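**Q** Could you build all of it, start to finish, from the sequences and the hints given here?
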Amino acid sequence: MVLRMIETIHLTKHFDTFVAVENVTVTVQPGEILALLGPNGAGKTTTVRMLTSILAPTAGTARIAGYDVVRDPEHVRANVGVLTEGHGLYLRQNGREYLEFFAHLYGLNASQRRTRAEELSSRFGLYEALDRRIGEYSKGMRQKLALVRAMMHNPPVLLLDEPTSAMDPHSARQVRTAIQQLRGDGRAIILTTHNLNEAEELADRIAIIRRGRIIEEGATLDLKTRLLGPPLLELRYTGEPDGVFEALSNLVEIDSHGHSWVRYRTASPQAVNPAVLSTAVMHGLKVITLSEVPQPLEDVYLRVVNTYLEQDSQ
Amino acid sequence: MRSETHVAYTDLSTVLTLSERASASGLNRWWASIRWNMSRALLVTRREVIDMFRDWRILSPIVILTVIFPSIANWGAGQMSRWVAEYGGEIVGDRLIPFLMMVVGFFPISFSLIIALETFVGEKERHSLEPLLSSPLTNTQLYIGKTLSAGMPPLAGSLLGIAVYQVGVYFNVGYVPPLVLIVQVLLLTLLQGLIMVAGAVIVSGQVTSVRAANLLASFIIIPMTFLIQAEAIIMFWARYDTLWAILGGLLVLYVVLVRMGARAFNREEMMGNEIDDLNLLAAIRDWYRLVQARRPASEHRSVWRWYREEVLGAVWQARGGLVIVLCGFCAGAWIGAHYGQLLRIPPELFNLADWESRFSLILSSSGYSGVTGVLHVILLNVRTLAIASALAVFSFGVLLILILMLPFVVVGFLAAQVLAAGLDPLSLWASLLPHSLFEVPAALIAGAVAVRLGACIIAPPVGKTLGQGWLIALADATRAWLGLVLPLLMVGALVEIYVTPRLVLLAVGG
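Chains A and B are the protein sequences, given in the same order. Per my numbering, the very first residue in the first sequence carries number 1; after that it's consecutive. Per my numbering, the very first residue in the second sequence carries number 1; after that it's consecutive.
Hint data in this document are derived by calculation from the structure and do not stem from the laboratory. Keep in mind that this is a model prediction, so the values were computed, not measured. A virtual CB, placed ideally from N, CA and C, is assigned to each residue, including glycine. Please note that the accuracy of each hint is not assured.
[To be verified] Okay, the calculated bits of chain B under chain A, using three or more residues with CB under 8 Å as the criterion:
{"hint": "1", "region": "79-87"}
{"hint": "2", "region": "307-313"}
[What the hints assert, rightly or not] What follows is a set of in silico ranges between Cβ atoms, one per label pair, in the way DEER data are often shown:
{"hint": "3", "chain 1": "B", "residue 1": "A283", "chain 2": "A", "residue 2": "D312", "range": "26 to 32 Å"}
{"hint": "4", "chain 1": "B", "residue 1": "R126", "chain 2": "A", "residue 2": "P230", "range": "30 to 36 Å"}
{"hint": "5", "chain 1": "A", "residue 1": "A56", "chain 2": "B", "residue 2": "V167", "range": "26 to 32 Å"}
{"hint": "6", "chain 1": "B", "residue 1": "V67", "chain 2": "A", "residue 2": "A56", "range": "32 to 38 Å"}
{"hint": "7", "chain 1": "B", "residue 1": "A283", "chain 2": "A", "residue 2": "D131", "range": "26 to 32 Å"}
[Unchecked claim] So these bits of chain B aren't anywhere near chain A, every CB distance computed over 10 Å:
{"hint": "8", "residue": "L43"}
{"hint": "9", "residue": "R54"}
{"hint": "10", "residue": "P131"}
{"hint": "11", "residue": "L132"}
{"hint": "12", "residue": "P177"}
{"hint": "13", "residue": "S218"}
{"hint": "14", "residue": "I284"}
{"hint": "15", "residue": "L290"}
{"hint": "16", "residue": "S436"}
**A** Below is the structure:
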């Protein structure tokens, strides 16, 4: 079993004088999803293309399932399932022909090709459409077919570029569930997306890439804590809050407050929250809710990107 | 440790049978490798051919050119043959029918150009190339698969068209062409189709849009049109033997193009470039930097060392070209001598009476004297070598060798005449050798570096793109020209004007 299914060390790619990717070092273990986030042109696609041995690194190394992307390109590609930004479908073929063609390229025999095509298409609700021309498929169906194609040879590594774009909510849910199952099966997955909610839902770790460099990387929660501070909690109540804010400020760092609510930050909610509740009750307030305010990944992303934009402008 | 749990992919080692493994190397392994590569390539071919036959925009012209056009050609040939026969011009009909056979064969294969042109770049535009490039297919397998898929349907259409035409002509006017002619036309059709496909696949792999590919298609279709015109003349002249020479040339060109395509086929080139970016200024800067061949400041080199490493080194890099050009010189001299023996100039035409004064008069009246003469000679030699070098780039070196062979053909021819006339060869050598000692090495070096310029288009250096490889060869050529060719030509011109005439006069005057 390979512990680091995807591993890049100082991966760098220059196109003449243009630096597309610079010193990218990441690892993804089996059963782990890494979301690669970044503005357009940040170097996500170039990184993925190096990981599929389409582009050769200018410097650094990368290994997929133990195979070096420069020395063993065929084996690297055999171990990777790629969902590209464009669907890359042959519109005059039907779904079955398309899937069987790619499965054949990956060395599956006739029975495996048929079984896999039917099994995966059923899983994504495409079974009924398998014998229809791809040209007749909706955008979402095409996206799902491309995803099925990437999974046909059962690869241990998946590189998924915007896997749910153009999908209706039901299909998107199906795909997200499938990705979670794939993680459960021990696949190592790199997800590049602009859908930050999806990244937050699926990814174990986030890497933000800008101008070819990884500028932040870590587990989602760690990134939030590091960049946005401790969790933000909100207490809602009824009653007159006379003197309560002063009392609470001795316990926690108050972020903001209104007539019927107060928000505070704490790094140790288990210890602090009971005291906060007691204080509120002691001041005659009737507590309605105490909950964590969602801090979306979008805030982290914007914080990071804006910091670099400010640095650039200076 | 590598992953072995999920993947169904099989590589060559798992395809070899036990007996093939036992032999471990040699013919069996080579054959197994071919089988393996072909089986993978044919997967691509099969899919694309089926896809093609589902596209009426490709299918209908092929059907028209395969069935309807040959039928019209057959009808036209019949009408024409009968009409000219009324006026005793049967020969016109006899020449027209084979010519039309070639035309009928050519039209469907012209389609292979269009299909091949979009084979890679069209897929790139439709975003279907990346999944294919991400598959475990090797570059060779992809190249073969794509080339076959572009060439096979039009070639099949072409052969079918020729068959429809010939059968029709047989029943229409009872004409049966000689078997050799049929073979020649079939081979010409096949090779022309393959050449167009090979050329178009190279173009398709190097550009980033179908539009750019179509623009570059002129470089394939225009030479091919000239070739067809030449073939038409040959066929109307009924000099069918000449077609063998054309076939030989086409075969060489095809091999060159396939080699070039296989070397230039590069996933990185196809997916790395997003626009057809021609940055001439950057290219000139790169070329200038390469010409200077500077090393880091820490590595100081004397002028002589720089000259030895970068100028003589550039010539050494082109040593293959030196051998080829030298062989060309020898072949030229031999051809000249051979024809000199066959085609004799009558000895009485060698009039040596009053030769000395006539020679002086010729020299002064031709302007080949003094400083002007030196400049004249330099300009003439530089112009010839520069034109030959430029042609070498487009002809992969062939035209350069032919041009540089010509003076040796003349020398060989004259030498044979002088010897046959019983004259003293000293006068001939006196008029040639002194300046040739400088000019021949100059031509040899200029030819060699130019051959390299043409050759690196066919086979770019490993790890370099076609453009990078060519720029390196151009910089080497520039250094060789500045450091050796031009100085040699200058000295050669001085000798030719100030030394050679005196030696000739000495030799003739005794």
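**Q** With reference to the structure, classify each hint as holding or not holding.
**A** Cross-check of the supplied hints:
1. Requiring three or more residues with a Cβ within less than 8 Å of a Cβ of chain A, the coverage given for the region 79-87 of chain B is violated, as only 0 such residues are present.
2. With 0 residues carrying a beta carbon less than 8 Å from a beta carbon of chain A, the region 307-313 of chain B misses the three-residue requirement, and the given coverage is violated.
3. For the pair A283/B and D312/A, the supplied restraint of 26 to 32 Å holds, since their beta-carbon distance comes to about 31 Å.
4. Separated by about 50 Å at the C-beta atoms, R126/B and P230/A break the suggested range of 30 to 36 Å.
5. Between A56/A and V167/B the C-beta distance comes to about 54 Å, which lies outside the given range of 26 to 32 Å.
6. Separated by about 48 Å at the C-beta atoms, V67/B and A56/A break the suggested range of 32 to 38 Å.
7. Here the CB-CB span from A283/B to D131/A is close to 52 Å, at odds with the stated 26 to 32 Å.
8. Listed as a non-interface residue, L43/B fails to keep its Cβ farther than 10 Å from every Cβ of chain A; the least gap is roughly 5 Å.
9. Remark: the non-interface label on R54/B conflicts with the geometry, its nearest Cβ contact in chain A lying 4 Å away (cut-off 10 Å).
10. Interface exclusion of P131/B from chain A breaks down, the closest Cβ pair being 4 Å apart, not more than 10 Å.
11. Here L132/B does not stay apart from chain A, with its beta-carbon only about 8 Å from theirs, under the 10 Å limit.
12. Listed as a non-interface residue, P177/B keeps its Cβ farther than 10 Å from every Cβ of chain A; the least gap is roughly 39 Å.
13. The Cβ of S218/B lies farther than 10 Å from every Cβ of chain A, with a closest approach of about 28 Å, so its non-interface assignment holds.
14. Remark: the non-interface label on I284/B is consistent with the geometry, its nearest Cβ contact in chain A lying 14 Å away (cut-off 10 Å).
15. Chain A leaves L290/B outside its interface by the beta-carbon criterion, the shortest separation being 14 Å against a cut-off of 10 Å.
16. Every Cβ of chain A is farther than 10 Å from the Cβ of S436/B; the closest lies at roughly 45 Å, confirming the non-interface assignment.
The structure shown violates the earlier hints numbered 1, 2, 4, 5, 6, 7, 8, 9, 10 and 11.
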